[in-house]
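K.L.:
Turn these sequences into a full structure, and let the hints guide you.
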Amino acid sequence: MTIDELVLFGTISKPFSFRGQLIVYSDFNSISSKTVFVKIDDSYVPFKLVNSSLHKKNLFKFNLSEINDEEKAKSLVKKEVYIKKDELVKNEDSLDFLINFNLYDKKIFIGPIISTMSKIGQDLIVVDYNNKNVLIPFAEQLITNIDKDEQILEMDLPNGLLQI
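Counted from 1, the sequence shown has number 50 at position 51 by numbering that gives the first Met the number 0; the numbering is strictly sequential.
Hints were generated in silico from the structure; no laboratory data involved.
A hint or two may mislead.
Heads up, simulated DMTMM-like pairs for lysine to aspartate or glutamate below, C-alpha to C-alpha not over 25 Å straight-line [as the list claims (entries may be wrong)]:
| id | residue 1 | residue 2 |
| --- | --- | --- |
| 1 | Lys84 | Asp122 |
| 2 | Lys105 | Glu79 |
| 3 | Lys47 | Glu69 |
| 4 | Lys83 | Asp40 |
| 5 | Lys105 | Glu153 |
| 6 | Lys84 | Asp146 |
| 7 | Lys83 | Glu149 |
| 8 | Lys106 | Glu153 |
| 9 | Lys147 | Glu86 |
| 10 | Lys56 | Glu69 |
| 11 | Lys33 | Asp85 |
| 12 | Lys77 | Asp122 |
| 13 | Lys38 | Asp68 |
| 14 | Lys13 | Glu65 |
| 15 | Lys33 | Glu86 |
| 16 | Lys83 | Asp148 |
Between beta-carbon pairs, the in silico distance windows are [said to hold, decoys possible]:
| id | residue 1 | residue 2 | range |
| --- | --- | --- | --- |
| 17 | Ser42 | Leu160 | 14 to 22 Å |
| 18 | Leu53 | Lys78 | 18 to 26 Å |
| 19 | Asp3 | Phe108 | 14 to 22 Å |
| 20 | Val76 | Pro45 | 15 to 23 Å |
| 21 | Glu4 | Phe108 | 19 to 27 Å |
| 22 | Asp127 | Val44 | 22 to 30 Å |
Since the model is a prediction, treat every value here as computed from it, not as a measurement.
From the three backbone atoms N, C-alpha and C, an ideal C-beta is built for every residue, glycine too.
P.N.:
What follows is the structure, encoded as structure tokens:
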């Protein structure tokens, strides 16, 4: 598996129990993957995702195959967890496939999309703009192009939106 086929889901923050459960920090709202890839020494090691649940906001509880004790769980702390990109797109109602895309406004680079949010009546993307998280409405009339291959979202943002 190569990085081009994967997207960062989150980072393992700590073990949860002596049985090898892990707490994973993520900006995603859910996970439907059956397999996750943990980056270990520049390799993406596949693990079967036996069980997952939302623990708290931005925190998931994972049970991975072969990780069945606290020592094995501790060895994975601070490791990045990836999922296949094509598994993101399966949920057509989700904008999560846009995470890690680069946002451009009128061909000018704004920043990477770091998460998405769905509020009543409005979908939002969260962009890292000048080291600040900026909420931008994901509205059809603002979108000029989405290039999934290059991971680029081009928009025509209203003047002043980024200064709010």
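K.L.:
Hints the structure violates: just list their numbers, smallest first.
P.N.:
Result: hints 2, 12, 17 break, sorted rising.
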